[in-house]
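Those protein sequences? They're chains U and B, same order as listed. Each residue of the first sequence is one higher than the last, beginning at 146 in my numbering. Each residue of the second sequence is one higher than the last, beginning at 146 in my numbering.
These are computed hints drawn from the structure, not numbers from a lab. Among the hints, a few may not be true.
DMTMM-like cross-link-like pairs, simulated, lysine to aspartate or glutamate; straight-line CA separation at most 20 Å [stated by the list, open to error]:
hint : chain 1 : residue 1 : chain 2 : residue 2
1    : U       : Lys425    : U       : Glu536
2    : U       : Lys425    : U       : Glu539
3    : U       : Lys425    : B       : Glu380
4    : B       : Lys412    : B       : Glu380
5    : U       : Lys489    : U       : Glu505
6    : U       : Lys467    : B       : Asp562
7    : B       : Lys489    : U       : Asp262
8    : U       : Lys425    : B       : Glu287
9    : U       : Lys467    : U       : Glu361
10   : B       : Lys412    : B       : Glu436
11   : B       : Lys425    : U       : Asp262
12   : U       : Lys467    : B       : Glu559
13   : B       : Lys425    : B       : Glu536
14   : U       : Lys467    : U       : Glu154
15   : U       : Lys412    : U       : Glu458
16   : B       : Lys467    : U       : Asp562
17   : U       : Lys467    : U       : Glu261
18   : B       : Lys425    : U       : Glu280
19   : U       : Lys425    : B       : Glu261
20   : U       : Lys467    : B       : Glu554
21   : B       : Lys467    : U       : Glu536
22   : U       : Lys425    : B       : Glu280
23   : B       : Lys425    : U       : Glu183
24   : U       : Lys489    : B       : Glu436
25   : U       : Lys467    : B       : Glu280
26   : B       : Lys425    : U       : Asp562
27   : U       : Lys425    : B       : Asp262
28   : U       : Lys425    : U       : Glu458
29   : U       : Lys489    : B       : Asp262
30   : B       : Lys425    : U       : Glu287
31   : U       : Lys425    : U       : Glu154
32   : B       : Lys489    : U       : Glu280
There are 2 protein chains.
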Amino acid sequence: MRTGVSVEEARAIVLEAASVLAAERVSCEAALGRVLAEPVHAARTLPPAACSAMDGYAVRSADLAGAAAAAGASLTVAFEVAAGGRGARALRAGEAARIFTGAPIPEGADAVVMQEDAEALDGAVRIRGPVRAGEHVRPEGEDVRSGDLVMAPGCLLGPSQIGMLAALGRSGVAVHRRPGVAILSGGDELVEPDQPTEGGRIVSSNSYALAAQCREAGAEPSLLGIARDRPEDLEGLLRAGLHADVLVSSAGVSVGDHDYVRPVLEKLGCRIAFWGVRMKPGYPLVFGRFEGERGPLVFGLPGNPVSAMVTFEQFVRPALRKLAGRRAWFRPTVEATLGEALRKSPGRTHFVRVELAGREGALRATPTGNQSSGVLRSMVLAQGLLVFPAEASELAAGARVRVQVIDPEFFAAEQPD
Amino acid sequence: MRTGVSVEEARAIVLEAASVLAAERVSCEAALGRVLAEPVHAARTLPPAACSAMDGYAVRSADLAGAAAAAGASLTVAFEVAAGGRGARALRAGEAARIFTGAPIPEGADAVVMQEDAEALDGAVRIRGPVRAGEHVRPEGEDVRSGDLVMAPGCLLGPSQIGMLAALGRSGVAVHRRPGVAILSGGDELVEPDQPTEGGRIVSSNSYALAAQCREAGAEPSLLGIARDRPEDLEGLLRAGLHADVLVSSAGVSVGDHDYVRPVLEKLGCRIAFWGVRMKPGYPLVFGRFEGERGPLVFGLPGNPVSAMVTFEQFVRPALRKLAGRRAWFRPTVEATLGEALRKSPGRTHFVRVELAGREGALRATPTGNQSSGVLRSMVLAQGLLVFPAEASELAAGARVRVQVIDPEFFAAEQPD
Chain U
146 MRTGVSVEEA RAIVLEAASV LAAERVSCEA ALGRVLAEPV HAARTLPPAA
196 CSAMDGYAVR SADLAGAAAA AGASLTVAFE VAAGGRGARA LRAGEAARIF
246 TGAPIPEGAD AVVMQEDAEA LDGAVRIRGP VRAGEHVRPE GEDVRSGDLV
296 MAPGCLLGPS QIGMLAALGR SGVAVHRRPG VAILSGGDEL VEPDQPTEGG
346 RIVSSNSYAL AAQCREAGAE PSLLGIARDR PEDLEGLLRA GLHADVLVSS
396 AGVSVGDHDY VRPVLEKLGC RIAFWGVRMK PGYPLVFGRF EGERGPLVFG
446 LPGNPVSAMV TFEQFVRPAL RKLAGRRAWF RPTVEATLGE ALRKSPGRTH
496 FVRVELAGRE GALRATPTGN QSSGVLRSMV LAQGLLVFPA EASELAAGAR
546 VRVQVIDPEF FAAEQPD
Chain B
146 MRTGVSVEEA RAIVLEAASV LAAERVSCEA ALGRVLAEPV HAARTLPPAA
196 CSAMDGYAVR SADLAGAAAA AGASLTVAFE VAAGGRGARA LRAGEAARIF
246 TGAPIPEGAD AVVMQEDAEA LDGAVRIRGP VRAGEHVRPE GEDVRSGDLV
296 MAPGCLLGPS QIGMLAALGR SGVAVHRRPG VAILSGGDEL VEPDQPTEGG
346 RIVSSNSYAL AAQCREAGAE PSLLGIARDR PEDLEGLLRA GLHADVLVSS
396 AGVSVGDHDY VRPVLEKLGC RIAFWGVRMK PGYPLVFGRF EGERGPLVFG
446 LPGNPVSAMV TFEQFVRPAL RKLAGRRAWF RPTVEATLGE ALRKSPGRTH
496 FVRVELAGRE GALRATPTGN QSSGVLRSMV LAQGLLVFPA EASELAAGAR
546 VRVQVIDPEF FAAEQPD
């Protein structure tokens, strides 16, 4: 077990221990936000035959060339191509066919005239030419050809990808499993939010914040409940979490004492990789794993609300994203100008809760108030975590700083374009 | 009814018609991503009494001042403050109390010494001073005071806000309803993904892409199914969608013909606000609403897969975000350098599917291939939609362009900090 590792060392140890989860088959509707675990080859050609890109009239472009182009030509509307191509026959010279978007082009026709460019007459249509061969026609296979590799493993499935899977006739798809995260809190003083807090009791709020962080990271949290300050109780809840991919405990009062948690974890077969990370908030972080890649990754997070959330951000969230098969594991960072001077002793990386104001290229980062690790309010106000490097002791007002953006709405725009 | 409106006009008409939805009460656990519809005042003070910020020893700083500071002082460990403060009594001169993070500071004590800075002896502890009064003590009300306004209406509820609600003992919270979106497709040629596509049938893939777009926008989609090409059938499905906040239809073949949809919508009491937007892809977009603010906003989207998705992006998504109470309704945009020249006729705004490469300040936007509105593959590859302004006819290679970022992973980082 290593103690007092740097943020960078801790991150490397955690991410080295996290391996992408196995695949499972889900319906395409349930695949939003999941990562593809198989190559998707087209099982069909799309469109399967040349079809109309517009509502209008299928024509023979030759009928609308030369003299007809200038004066316009009247074509007999010989038939209508119904859905799926019903009603179609070969188009003869001087004929047009009523056609709608997506319907197959009848034999003989080679272009479509938009209905807005045509004048419907009784049984006929008047069109001013010329019309280019191929105009408003989607050729067979314009989108994909049977056998094409359409999506590669690792592709994140968004709306377009789900639409494509559906268009290819896929009802299911292989994706990496979502990480299951078992969350427990420890401490005799903890109660659920709707229970009374007389006698120094406090609400087990970390579980709720951590569960929300899991959901936001694409994982599936389950709350194991509150372990009381007895080793048997802690052991019982930890055992209940061994089925999960990740086990996150957030300390209450005395469970913050690592001498208490460690023997229980070791008894269960968990090997502690490190205890303590040189950061603030969040020094007393424990990370362990089971031998032979069975059993969950175990994070013993500190009990202070902000420490729990910030250590989750730095270590648990990237691990969850790696487990889920994502390519980019980290928050976006932006460069900003610091609004007020910051000082600290060298040795630990500080993550300073900041608001961000201004626009790209001219962002200003301002601390959101009291940075005590127990002050959740300054976290509630924070859009980002300013990284105050371990060895630095001062950042002057006006200094250029890096900020991890934790507000998912930060980049959304209040005005279009 | 207006026809052929500009993108800007259409956006203004749609957003004017969308009003933020009423509030509902949900559990805090279900509130992630929802928008607060009430002010949240603290019903309690946090922490309720001065408490320890560390695992260690509660001390009287006076005992560790002066001569004791240099040499270090041995204090008797008189008692342990258990969870919730049990076991505590007033601390006398020369005494220390074992204490853990979050436990109340005993009367008489005014500082906490971290256990890492103390040497535990048999029944005593050796501490090198001096210790500042207040050190590692979280004062009563450091986080919030009873009665404080902690969150204002309009606040988006993320993990920190949910943790705060739990800490304040709230089990439920008033948030704006999520928009319910009823989605239907129309066309005799449409089949579900697992049905055969012989005879020119095509999969109703738009419904799946649109449902995923709704989910990504924080709305709750429901699929009404496929309306066949009979007015009674279309009317029946549209009626089934009248309970929703938003009704989205995506045309199949003949339903693209607005003369077919319009009478049915009007019969149901829907007033068409506009038909046709000067954009590509996606001209044939219908938007309607019901009189007196009853009934859903109605979007008749074009049938081509990319047209349906792009019109959803430009009009339905901002409306859904406004309905849900969000402050920023639009996608982030970035400035990029265009990788290849683009040309078009003036008159319509083009939304060009592009990949984005490079880093902030030096992004390069390159079209993802065939921009036909039927080619979903170039949408699958797209991270953004380049806005090619309506009146422009050429964008030179190397031009600076605005790109709407549609890939939610675009800003995520592959490296930390």
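Which hints, by number, does the structure contradict?
Hint check: 3, 5, 15, 17, 21, 23, 24, 25 fail, others pass.
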